[in-house]
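2 protein chains.
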Amino acid sequence: MSALDTGPPVSVPPRAAHHTVTPVMRSQVRALEPTLARICSYHLGFTDEHGAPSGTDGGKLTRAGLMLTAADGLGLRPQDVRCQAAALELLHNSTLIHDDIIDTDELRRGRPAAWKVFGAGPAILAGDALQALALRMVVDDPGPGRVAVSAVFAEATELVLAGQARELTVRLGPGTGVAEYDRIVTEKTSALLECALVTPAVRAGGPAPVVAALRGAGRHLGLAFQILNDVEDIWGDPAVTGKPVRSDIERRNPSFPVLAALTAGGPAAARLDRLWHADDTSAAHVAEIVALVEESGGRRTAEERSRGHLDAALEHLARAELSPPATAGLTALFHRIVHRKPAA
Amino acid sequence: MSALDTGPPVSVPPRAAHHTVTPVMRSQVRALEPTLARICSYHLGFTDEHGAPSGTDGGKLTRAGLMLTAADGLGLRPQDVRCQAAALELLHNSTLIHDDIIDTDELRRGRPAAWKVFGAGPAILAGDALQALALRMVVDDPGPGRVAVSAVFAEATELVLAGQARELTVRLGPGTGVAEYDRIVTEKTSALLECALVTPAVRAGGPAPVVAALRGAGRHLGLAFQILNDVEDIWGDPAVTGKPVRSDIERRNPSFPVLAALTAGGPAAARLDRLWHADDTSAAHVAEIVALVEESGGRRTAEERSRGHLDAALEHLARAELSPPATAGLTALFHRIVHRKPAA
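Chains as they are written, first to last, in our numbering: chain F, 965 to 1308; chain Z, 965 to 1308.
In short, the hints are calculated from the structure, not lab data.
Certain hints may be false.
Treat identical chains as interchangeable: a pair holds within one or across any two.
When the alpha-carbon atoms are kept at most 20 Å apart in a straight line, the in silico EDC-like pairs for lysine to aspartate or glutamate are as follows [said to hold, decoys possible]:
(1) Lys1080 / Asp1063
(2) Lys1024 / Asp1201
(3) Lys1024 / Asp1243
(4) Lys1080 / Asp1067
(5) Lys1024 / Asp1012
(6) Lys1024 / Glu1196
Let the sequences and hints guide you as you build the complete structure.
Spelled out as structure tokens, the structure:
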């Protein structure tokens, strides 16, 4: 059953994002230098590794869907932000191509990652090229708010990279841990969601409180999504999450349930602290970490906190006073994003 | 002896580029996320691998020197393009950081490359961050020509990446070889030199013929530089070129002397064609390739062609009708760039 059937009425359904945005993404990527075009088309699912058309089409387009729906809620037409929505998806994918190299992740959306197929060197250039292309698209696209939208994109790009770099060196622990976690997620996850929601407001010349409300909505949406994502990494179904279960624990990635458990105090937290910082990735070691996280209430705290951020995102959204159908559409999208349901 | 002593009078001497531009580069890089700041500061020579200040300062600033001198020739002050000159140097360095990873080059400016010191993953993020930072700097900097300058930068970035990608798959040979070589060099080498020369004209609101003349100057300057660079890779002094001798031959990189020799025809060219496309990097094999390139006149043809491009660059420069001191200064800079003399 399509997730669309269960949600409230949506002014711009996510499927529309594909019709509106995918042709722009395709034509821009096709115009790249042939090797770059081939790598990017493969990564986006437009083609297989031999360059032949494939049945899939560029991921869930979550960010494009947010942007188009917010635009509708501000009285803009899809074509007023089509180029920006396509650029944002390309920018997001530039970070995914590099992420997979950095993390040596061999699978992306159920297929071999771009670097596994084409080599790390060409894949580095492909990610670079998508970043440059995205920025060029927003700089070149005429129309209202051109400079301000370019600045929003450039700043969002910098924030994502800062968050990814900060994540590499963070050491999870009680104390400053939650603030540091929030900062990383606000950078690496929320920045592009904020960009999606803020761009239409900037383009429409929306007043500062509307821009601020949409920025806040994107910020909390990113936190709600990432925290529940961390929960699902530990207790979720790999067929749904699309990645090996407990990879965050194995790699000692910042994980909110672990952080919550470490912060809870008591003997379980103390033992967890020792296990977490030990250099052991065996299944037994990971299983004991998971048991201690659950015992210390890390899972429950994380789920509550994700719900709190989703509520905060919806409160901010309400303050933006978009049209009721767009607000309903974004509310449905927010829920789908946080709970990782298919966007269409 | 400083190269400055031998050249004609220079309106904005290259040393001025350091005074004007380096503080901006330093402050922008220092403001990055700490891990990114550390990697970029190390790569730029501002700090050593432990983050302690080092004596060096960010390379030759060739592109900043070109931009400042061209700006002077158009009646602009250094501060009118200071931010853009710093951004261009950062953009250039973003490509160098990734280049070293892609080519697995372990040395950069006589020190271990950034990826050797900090790991490939963090170095990928550092290169990404410098690209994003450079674009953000030109987008954010107010003043005339803001949008047009941003577009010049974004387009130049795309061209460099296209040229690097095209180079990965090119197969050197007679026929279309020279056109393909010129295209790659125009993209990967000339694009940022054109950006350096064109940006002040765009910012000064220069008429289209001036912009076109400066673009042509940058295009031919890149070709003159790259072709002589290819000659020096084979017959130059590694202490001057800063890279192992004959690495282009070993790696079968596109090399103009080889291309010229292959195009010359005759038995030497035929044998060279076989050796070049054989999978052999032994010293004896490389030495025979070099002998055949020289025998077929590849070195002489390359040196003549580089001179021809330098002449063409200076003709284009003359057509831009900058102030006489700036034209003299750029003439000196062009010679220094092509002949790889220290810029200050």
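Please name the hints from earlier in the document that this structure breaks, with their numbers sorted from lowest to highest. Those not satisfied come down to hint 3.
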